[in-house]
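Chains as they are written, first to last, in the working numbering: chain A, 21 to 457; chain B, 8 to 450.
Watch out, some of these pointers could steer you wrong.
Derived DEER-like restraints, expressed as beta-carbon distance ranges [to be verified]:
| # | chain 1 | residue 1 | chain 2 | residue 2 | range |
| --- | --- | --- | --- | --- | --- |
| 1 | B | Q136 | A | Y49 | 57 to 63 angstroms |
| 2 | B | D65 | A | E318 | 42 to 48 angstroms |
| 3 | A | N404 | B | N26 | 58 to 64 angstroms |
| 4 | B | G422 | A | L366 | 36 to 42 angstroms |
| 5 | B | E117 | A | N404 | 21 to 27 angstroms |
| 6 | B | E117 | A | A422 | 32 to 38 angstroms |
| 7 | A | V232 | B | G422 | 25 to 31 angstroms |
| 8 | B | D329 | A | S321 | 37 to 43 angstroms |
| 9 | B | G391 | A | T380 | 57 to 63 angstroms |
| 10 | B | S89 | A | A57 | 38 to 44 angstroms |
If you're looking for bench data, these hints aren't it; they were derived computationally from the structure. Glycine included, each C-beta is placed from N, C-alpha and C at the ideal position.
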Amino acid sequence: MADLRSEFIGIKSPNPFWLASAPPTDKEYNVRRAYEAGWGGVVWKTLGMEGPPVVNVNGPRYGAIYGADRRLLGLNNIELITDRPLEVNLREMKAVKRDYPDRALIASIMVPCEEEAWKAILPHVEETGADGIELNFGCPHGMAERGMGSAVGQVPEYIEMVTRWCKMYTRMPVIVKLTPNITNVLYPAEAAKRGGADAVSLINTINSITSVDLDLFAPEPMIDGKGTHGGYCGPAVKPIALNMVAEIARNPETHGLPISGIGGVTTWRDAAEFLALGAGNVQVCTAAMTYGFKVVQEMISGLSEYMDEKGMTSVDELVGRAVPNVTDWNQLNLNYVAKAKIDQDLCISCGRCFAACEDTSHQAIAMSEDRTFTVIEEECVACNLCVNVCPVEDCISMEELAVGATDLRTGKTVAPDYANWTTHPNNPSVHAVEPAE
Amino acid sequence: MAHDVFEPGIVPGRLAPQNYNEGFSDLHPPLDEHEALVAADRCYFCHDAPCMTACPTDIDIPLFIRQIATGTPDAAAKTILSQNILGGMCARVCPTETLCEEVCVREVAEGKPVLIGQLQRYATDHLQQQGKHPFERAAPTGKRVAVVGAGPAGLSCAHRLAMLGHDVEIIDARPKPGGLNEYGIAAYKTPNGFAQAEVDWLMQIGGISFRHEVAVGRDVTLEELKTDYDAVFLGMGLVGVNALGAEGEDKAGVANAVDFISELRQSGDMSGVPIGRDVVVIGGGMTAVDAAVQAKLLGALNVTLVYRRGRDRMNASVFEQDLAASKGVRIVTHAVPIAVHGNGSVREIEFEYVDEAMKGTGQTLRLQADQVFKAIGQTLLGEGLPELDGRKIKVDGTGRTSLDGVWAGGDCASGGDDLTVTAVAEGRDAAMDIHTTLMGAAG
Chain A
21 MADLRSEFIG IKSPNPFWLA SAPPTDKEYN VRRAYEAGWG GVVWKTLGME GPPVVNVNGP
81 RYGAIYGADR RLLGLNNIEL ITDRPLEVNL REMKAVKRDY PDRALIASIM VPCEEEAWKA
141 ILPHVEETGA DGIELNFGCP HGMAERGMGS AVGQVPEYIE MVTRWCKMYT RMPVIVKLTP
201 NITNVLYPAE AAKRGGADAV SLINTINSIT SVDLDLFAPE PMIDGKGTHG GYCGPAVKPI
261 ALNMVAEIAR NPETHGLPIS GIGGVTTWRD AAEFLALGAG NVQVCTAAMT YGFKVVQEMI
321 SGLSEYMDEK GMTSVDELVG RAVPNVTDWN QLNLNYVAKA KIDQDLCISC GRCFAACEDT
381 SHQAIAMSED RTFTVIEEEC VACNLCVNVC PVEDCISMEE LAVGATDLRT GKTVAPDYAN
441 WTTHPNNPSV HAVEPAE
Chain B
8 MAHDVFEPGI VPGRLAPQNY NEGFSDLHPP LDEHEALVAA DRCYFCHDAP CMTACPTDID
68 IPLFIRQIAT GTPDAAAKTI LSQNILGGMC ARVCPTETLC EEVCVREVAE GKPVLIGQLQ
128 RYATDHLQQQ GKHPFERAAP TGKRVAVVGA GPAGLSCAHR LAMLGHDVEI IDARPKPGGL
188 NEYGIAAYKT PNGFAQAEVD WLMQIGGISF RHEVAVGRDV TLEELKTDYD AVFLGMGLVG
248 VNALGAEGED KAGVANAVDF ISELRQSGDM SGVPIGRDVV VIGGGMTAVD AAVQAKLLGA
308 LNVTLVYRRG RDRMNASVFE QDLAASKGVR IVTHAVPIAV HGNGSVREIE FEYVDEAMKG
368 TGQTLRLQAD QVFKAIGQTL LGEGLPELDG RKIKVDGTGR TSLDGVWAGG DCASGGDDLT
428 VTAVAEGRDA AMDIHTTLMG AAG
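Chain B with its partners taken away, still in its complex shape (with noise of 0.2 angstroms):
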């Protein structure tokens, strides 16, 4: 069935094959081995790095560098991985222009920070590469932990617990193991299965078993988790989605981005991914760039992304709007939808502008539009849960919840940014403390 860019409706095959594996592919290519030492010369292996300051899991940057520029790769990737078991993961979708290096003391000299993000990724995927699992479980202890949620979060605080000699169940609503990174994350962030490979190398520890397709609440209450096991691990993210609050926003056409995203990327054909020709996403953060983005790379003639704030109030970083911007998205901000119109269908939808206040200025906008995604937050979803603080589980530093036994971390948590990297540092602090609680107690 051959389709074009200017076909109406939302349609699979808009372009040419090769089409799709251009704009699919790794969004940063991997560094050579040369590329990666001329990179790990420019650290100058600051005192007290400003860069291990700014990550989130306080990962021994300066050390990293210079173990590649002295060529030992595997021993820079060990020293990510003891204290970021997902670094490969985030060496590709963490917003390193916001974190170390936007710090970078060559960033704020010349405007070219250290390419610290690249040369994680290829330190990990040296080591990853070849299989190798630098890590070694401790004797067992006998205690056993349950993870809910098989994202950074509990992935992290999982192969955490089980170095230390526990026993871990993971329990997953989802078929795969990954959360946002296997079904959240833009595809060209993350190409190759890498989400799963990466997956499997963690697995590796040994003493972590999955159990998928089973989700708190539906399958399992967190009363009988707290009975059947030591502890239990709260990292189920954020699945409920913000409605608009518009008019008509229930007709076809109008859907969520994190499920556009999440078909996209179980899709092993991006020929096969339905497009709308007129695309517009509501939303500022990382997830309304990411589906308009790929919105744009599957084919859609016009994609629009619109935003409530300005500019600079988007959650989603200058480099990812650049990114939107360069791939010919469309950003229009300060407006809101106040209606979608069509008959059954989305044809149109229709924005007011609004101040810095958020005011209506009375002047709407109409946007032709076959396919709408939101993207304008996401929530916490189910019962009987710890306390909340606001709208997410009130944890305190290491993780505790309100509930005795019960830890929680990643999005579903208070505190910390929604990022991978945050989730990852969360799972594995919880761990920590887990383990000292625990093992005091056994003691």
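Excised from the complex, chain A in its bound form (with noise of 0.2 angstroms):
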């Protein structure tokens, strides 16, 4: 079995998998049961100041997405930071850290923007024995009205102040929570970088509408007649996660910037897909929310099964795996040329990549009378519409054309050399430079 032990930002735990901060993570009792079900690290649910704490409404807090059978693709949450006072949570913080000394525990913070309000609360995180701080600059709902959360997130000037305070305040190590609703994710992570971030962790929730009563119109979740936008996560929200996760990897102004991943983990393979992208580990909720605490051991045994695979002996060495190959789609090779392939032992007849190339795409499936469907090379361009919606896996492949083949679409052979867009002679700014010459 492959060694998980994780090490980021200098934080040690057992492996790379940690507890979002959220409502698994609010109180002593799950953080241990957590701890004991094998999670490496755990981000507390996210402190505020002093003084009499939030509220939550008292209706429902979640709405729901679903896929076949009610499996849950998407959550989101109108629920506010710990609604327990500041004192408790330190408490247990203490009592449970001292218990468990080689797990991670961070805590989250939010308190207002001002200097004095971070300046407060610090040492008293740093008695507790934390490891770090995780900044929530995230949070879309509820806080961000009173001017916290993402209302900082959205503000990269804010967001290097904040993280600069905290560097002057603490000794701890700082992460800070990035929000996804933003215009370019680049902004607030260099701003964090530029204040000093240790690392930052990405993606909080989204803002989202999860359904619509048609009986009541209004939006769900729904507090007596009335809904309001609320943190989209789980599932859902992985595509957009891995982008941002790797859009800050590979941008020289952030390239090195620890990054500890978030959005939809729900499998060992996912928690995988964020590590070869460029995070350093990851942070999970919605998973542990849907099947509980337990979720934890799958990905445990399947990551442990893959780094085996590849030999690889430590989870660093799948840290970033992927990013030299994300790329702008100006860099893409269009000498690079891939027609679909119909398995026809495999095929079930269902008909489907036929509906959808002849109705929706380049009409390059022929039908037969007995159903037979063969691909017409002629006209496929290798879009990978049929791949996506057959459900049979590996039915359908996009097999590439070998050097010297002649593609029959266009009727050019298929040239040995890497050509892109930047280079087309149909690209304007080509033509635009030739006149100098």
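Two chains, two frames, a set of hints: combine them into the complex.
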């Protein structure tokens, strides 16, 4: 079994699977059980300033979207930061950390955007023995209306300023949690780095309305006939999160800045994908909220088996492995040509590829009287839609045309050299420079 | 009067009351909402779906399943019923394992088809249990059509004609409408009075009247019908029963399987239906299986189904054969009856084994029997009928017979399998042709 031990910005944990700051980490009872179940670390539910805690609604806090068999694909929430007194949380954190010294314990914090507020809370957190802090600049609902959470995370200057205060007033490593509710995630990431952040974590939840009650004409989740936007998470947000992680990992300004990957991690495979795109570890919430703490056991065994197969001896060997292959569209090889191929032995003749291609793509699949489906190479642009809609895994594949072969669609021979859009004759900017030569 | 399974002879009440309830309850319990959604989610919404092609009534199966999946079962029901007005009964009695579900791509791929029949039942039950009838009659045409037979073919034809604005009179020899739905199908396939409820629901279209216990040939002639109505549809089914051709088959205790099933279906109390201790059913079709299984459910100790050919040649589907076996029916193949023994009443029945070419082997088998059911096929009865094709009324693809103004469909007509769903399709298609003919003549 591969060694899954993880060291993220100097914080050690037995594996790279942390529970994200969220309802599962709101109190000692849960966190102890999470550690017992095998979680490598926990980011405690966000702490607020001293004094009367926030209050939550007394109706539904979550809304959901489902796949087949009510499989939860996306969840949104309108829960706020911890609604328990600061001193209770701090006392419990201290007790837990004392009993589980080998596990990571991070304090998520959200206080008003004032230097005194941050200066005041940090020593109390340090007292608990927590391994680090995470600045919650991401929460998109409720707290944002009060000038906190994503209201800070959407202004790079505020991120930089608050990060700098925290670095000034504590020796603990500082993770800045980023909101995806922005135009370009690089701006807040760069700001965090300028402020001295040890790492960023992302994504926080996405502004969302999960559904509308068509009898009451109100959004879900609904409280007494009204609803508000909540933070969207779960498997459905993973593609958005993967892209944002990759953008930060490959951006020259932020390259090398440690990333804690968050967003729809449900299986070991999801986690491995985040790691490959540059995350040093992952944080999980929805999978635990859907299936309970036990899911981490599959993540541990799955990642371990994968690393063994790949001959990787530490998680760090996986981190960032896919980053060099994330590029801009204009760098893609336009001389690469593929064609769809249907494996007739696997085909179950449902005809979905035909319907998709015939109605919405390139009319590149033929259907015979006996329901045999074949690719018309003269028409196929290798768009991959047939692969995506086929219900049978590996039945349709994209086969690369060898160099020297003829692409029956264009009549051209597949060239051996790499050529991208920047040098393509149809690119106006290529012509623009020609007269100057 | 207390009897038990060991008592010889034909007696009622062999079982405890709860055993009858268990045995004769729904063969496939209805899907609940969540089960239906899960089952519907498995449908791939195939292009030009094989299931649709396999359905004799051409129901748009992918569409109705998608309508269930998106929470609109009544819309799904309308999709079904617009092609097959007896979609509720067909959902219960269709041999889906040899029709839509056999060709489902998931059956081909995984050996587990989408539960098309049960989903169809979910949708049609949802609509019909609210008493909703989703169709309306067109403006009256002033045309009158006689429909002979209130079975699946006749009901389907009558409903479509009524919907198109014609006035329809259904004539049936039995006291109740429904035909084989009411009198000829195993009780566990359509419990709780569904056949009558479905007819009542169907009649909501309006414009249909029902004359019961009137038989063509006995109480009215086809000629009279032709004179009194603008068109006639014949859907009287097959009421004659083939004889065994075995010595002694007139002995007491030897009966027609269809009569046994009919009496059982009309009995309000299964514990009052007499059944033998040792029952032998002769035949290999659905009727034979329905009789054998129900004999077992009534408490017969030994039930043997004897068929003259191999199991692969039986008209009863593999599912039906397995159902019979699971209920404890013994299936004997390659044997033909040669003599019924007994002194007044049957005591034993003797068979000879035959080879694949139906040639006698000289080897015989004797089965103890106090009750024998004949289920070796039914025949068309009647005089003055249109031209026949073999033993059935000759029809073309639209149901037209050799007589002008007379159409036919269902089991009494040539072509197609003798299935409820086929009868519905033929009745519907004949109605469309009758409509075209009548309106063309009017115009």
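Do the hints match the structure? See the list:
1. B:Q136 <-> A:Y49: 57 to 63 angstroms: The hinted range 57 to 63 angstroms is violated for Q136 (chain B) and Y49 (chain A), with Cβ atoms some 47 angstroms apart.
2. B:D65 <-> A:E318: 42 to 48 angstroms: holds (46 angstroms)
3. A:N404 <-> B:N26: 58 to 64 angstroms: Distance hint for N404 (chain A), N26 (chain B) holds at roughly 59 angstroms.
4. B:G422 <-> A:L366: 36 to 42 angstroms: holds (38 angstroms)
5. B:E117 <-> A:N404: 21 to 27 angstroms: holds (25 angstroms)
6. B:E117 <-> A:A422: 32 to 38 angstroms: holds (35 angstroms)
7. A:V232 <-> B:G422: 25 to 31 angstroms: Given range 25 to 31 angstroms: violated, Cβ gap about 52 angstroms.
8. B:D329 <-> A:S321: 37 to 43 angstroms: holds (41 angstroms)
9. B:G391 <-> A:T380: 57 to 63 angstroms: Given a distance of about 59 angstroms, which is inside 57 to 63 angstroms, the answer is holds.
10. B:S89 <-> A:A57: 38 to 44 angstroms: About 54 angstroms separates the Cβ atoms of S89 (chain B) and A57 (chain A), which means 38 to 44 angstroms is violated.
The structure is inconsistent with the numbered hints 1, 7, 10, although it conforms to all the rest.
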